[in-house]
Amino acid sequence: MTNFSYFRPGDLNSAIGDLITHEGAKFIAGGTNLLDLMKENVERPARLVDINQLSFNSIEETEGGGLRLGALMTNADTAYHENVQNRYPLLSHAILAGASAQLRNMATNGGNLFQRTRCYYFYDLATPCNKREPGSGCGAIRGFNRIHAILGTSDQKPETACIATHPSDMCVALAALDAVVRVTGLAGERTIPFADFHRLPGDEPWRDNTINPGELVTAIDLPAKGFPQYYAYIKLRDRASYAFALVSVAVALEIENNRITDARIALGGVAHKPWRKPDAEAMLIGQAVSVADFQSVAEALTEGAKGYGHNTFKIELAKRAIVRALQQAAKLEPTP
Amino acid sequence: MVSILGILTMQTTLSPESGVRPKNTLPEKNTVTLTINGSVHQLELAPWTTLLDALREYLHLTGTKKGCDHGQCGACTVLVDGKRINSCLTLAVMKQDTEILTIEGLAGENGLHPLQTAFIEHDAYQCGYCTPGQICSAVGMINEGHAKTTDDIRELMSGNICRCGAYPHIVDAIEEVMQLDSNA
Chain A
1 MTNFSYFRPG DLNSAIGDLI THEGAKFIAG GTNLLDLMKE NVERPARLVD INQLSFNSIE
61 ETEGGGLRLG ALMTNADTAY HENVQNRYPL LSHAILAGAS AQLRNMATNG GNLFQRTRCY
121 YFYDLATPCN KREPGSGCGA IRGFNRIHAI LGTSDQKPET ACIATHPSDM CVALAALDAV
181 VRVTGLAGER TIPFADFHRL PGDEPWRDNT INPGELVTAI DLPAKGFPQY YAYIKLRDRA
241 SYAFALVSVA VALEIENNRI TDARIALGGV AHKPWRKPDA EAMLIGQAVS VADFQSVAEA
301 LTEGAKGYGH NTFKIELAKR AIVRALQQAA KLEPTP
Chain B
1001 MVSILGILTM QTTLSPESGV RPKNTLPEKN TVTLTINGSV HQLELAPWTT LLDALREYLH
1061 LTGTKKGCDH GQCGACTVLV DGKRINSCLT LAVMKQDTEI LTIEGLAGEN GLHPLQTAFI
1121 EHDAYQCGYC TPGQICSAVG MINEGHAKTT DDIRELMSGN ICRCGAYPHI VDAIEEVMQL
1181 DSNA
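Protein sequence lines, in the order shown, are assigned to chains A and B. Take the first sequence: its position 43, counted from the start at 1, is 43 in the numbering used here, and no numbers get skipped. Take the second sequence: its position 135, counted from the start at 1, is 1135 in the numbering used here, and no numbers get skipped.
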């Protein structure tokens, strides 16, 4: 990895102040993705600002009856936290479907949001990649793209083409739960609805999210509604554990008297961000639980999906996974 | 002499990253204090030294293995404050003020750690390269207390790869220490 300097601030202001006064500086928390990318020379920060002494490592109740997940709490401590397991089991399951026990012990909630894609071409400095080197092209579109996106891709202009996926499991559940990201910068604190935090590649595939330079994620707020009764997280991958999703589906339902009163469906492994489509979810509201409806929703949710050769199988796989996850969440089918 | 200086100046000026990187591209080493297996060590380390490299290259604690160096294989697993982590994906300078336990620190006055004994009894390795990581990971898993079944063990040990394929015996050894009945 390239040489860098290191600073460990004791409070939020000096962390942000140090970052913005040093060009090429980056925050480091768990480091599980950043150090990996630094060893590959994909990331070459001139300075690391270690935020681990800041105090965002707890889980607290919010005034609205939800939970505030500290950005520095580890993924493992979050997934196994009693309140998360009992009130937001979808989130707990999604976190535990990702990475390995060692990595979950290191990786933080804030850092999970900033994971970069695992696109092979993003990692391979010998190939073009618009995300790594803006304007250089996309190696994946005509390359080996088995793990790549089928929805919301950018493929019209070579200089902005990108079919990368967002790799997180946790974020798929957070999207379904309508979480809110709290960030602090020089201008003070602001909140970002989860659906607006990550972005599609569009004309700027090098931008993964909507955060501004010098802003730091301090917490993720979960709304009161946690869907503890009807939920499912299905992750399909090339081995049974410790692999990124080819397709994953987070489903959260509210069912009263066999009628669906609320429905959330988020997909992972298929797009540049967790994929939701409120129109498709709305098709279920007020309806009785029915597999035929689930199939219609799967069609609507994947409308416009496009394969690039090796990944074309994901379109059908995603539809079937959506139906299966809805069946599991509605308890039409036992959860394995 | 003038020309040599001229060249040096030019190279500095033309560096594509000048202005981004500190002029001195080799930041001074810092004193890093690490507590490993109960002993305190003071090392002069560059900030980019991973915990794994500090253990192996500076303290000669070579029981912790470097497999992939990217957090994919688990050979570098150590315990930090009782929790298992990949020592290749953290910087030594970030792990000051913690208690680090490596495979060298597991055996006590009364001999081997029960997991070490169980690995020997169950022949839970072939080449042995992944074994220190497997054992440290299993210690961490037992500390965490979430594994209740054989399937749980297999899932929660998935961060440790064994290229020889000794998994069945590794699971047997861990089950014995956990006193899980694999036939239950």
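Since the hints were derived computationally from the structure, they do not count as laboratory data. Being a predicted model, the structure only gives us computed values, none of them experimental. Please note that a few of the clues may not be correct.
[As the list claims (entries may be wrong)] Chain A is faced by these chain B residues, among others (derived, beta-carbon under 7 Å):
1) Lys1029
2) Thr1033
3) Leu1045
4) Pro1047
5) Asn1086
[What the hints assert, rightly or not] Here are the simulated DMTMM-like cross-link-like pairs (lysine to aspartate or glutamate), alpha carbons at most 25 Å apart as the crow flies:
6) A:Lys39 / B:Glu1144
7) B:Lys1083 / B:Glu1144
8) A:Lys225 / A:Glu204
9) A:Lys39 / B:Asp1053
[As the list claims (entries may be wrong)] Computed list of chain A residues with no C-beta within reach of chain B, every gap over 12 Å:
10) Asn3
11) Leu12
12) Asn33
13) Met38
14) Glu40
15) Asp50
16) Ala97
17) Phe144
18) Gln295
Ideal Cβ positions, reconstructed from N, Cα and C, are used throughout, including at glycine.
The hints, checked one at a time:
The beta carbon of Lys1029 (chain B) comes no nearer than 11 Å to any beta carbon in chain A, farther than 7 Å, and the hint placing it at the interface is violated. This hint is violated: Thr1033 (chain B) has a C-beta 13 Å from the nearest C-beta of chain A, more than the 7 Å allowed. Annotation: interface hint on Leu1045 (chain B) violated; nearest CB of chain A at approximately 10 Å, more than 7 Å. Against a cut-off of 7 Å between C-beta atoms, the interface hint on Pro1047 (chain B) holds, since the closest Cβ of chain A lies about 4 Å away.
Contact between Asn1086 (chain B) and chain A, as hinted, is supported at the beta carbon level, the nearest pair being about 5 Å apart and thus within 7 Å. The suggested pairing of Lys39 (chain A) with Glu1144 (chain B) is violated, with an alpha-carbon distance near 30 Å, which exceeds 25 Å. At roughly 8 Å between alpha-carbon atoms, Lys1083 (chain B) and Glu1144 (chain B) fall within 25 Å of each other, so this suggested pair holds. Proximity of Lys225 (chain A) to Glu204 (chain A) is assessed by CA-CA distance (about 34 Å); at most 25 Å being required, the pair is judged violated.
For the hint pairing Lys39 (chain A) with Asp1053 (chain B), the CA-to-CA distance comes to about 13 Å; that is within 25 Å, so the pair holds. In this structure Asn3 (chain A) is not separated from chain B by more than 12 Å, as the shortest Cβ-Cβ distance comes to only about 6 Å. Residue placement check: Leu12 (chain A) keeps its beta carbon more than 12 Å from all beta carbons of chain B (closest about 18 Å). Chain B draws Asn33 (chain A) into its interface by the beta-carbon criterion, the shortest separation being 9 Å against a cut-off of 12 Å.
For Met38 (chain A), the shortest C-beta to C-beta distance to chain B comes to about 8 Å, within the 12 Å cut-off, and the non-interface label is violated. Non-interface status of Glu40 (chain A) relative to chain B is broken: a Cβ of that chain comes within 12 Å, the nearest being about 8 Å off. Asp50 (chain A), annotated as away from the interface, has a beta carbon of chain B within 12 Å; the closest lies near 6 Å. The claim that Ala97 (chain A) lies off the interface is violated: its Cβ sits roughly 10 Å from the closest Cβ of chain B, which falls inside the 12 Å cut-off.
With a cut of 12 Å on Cβ distances, Phe144 (chain A) stays outside the contact zone with chain B, its closest approach being about 19 Å. Every C-beta of chain B lies more than 12 Å from that of Gln295 (chain A), the closest at about 31 Å, which supports listing it as non-interface.
In the structure shown, a violation is registered for the earlier hints numbered 1, 2, 3, 6, 8, 10, 12, 13, 14, 15 and 16, in ascending order.
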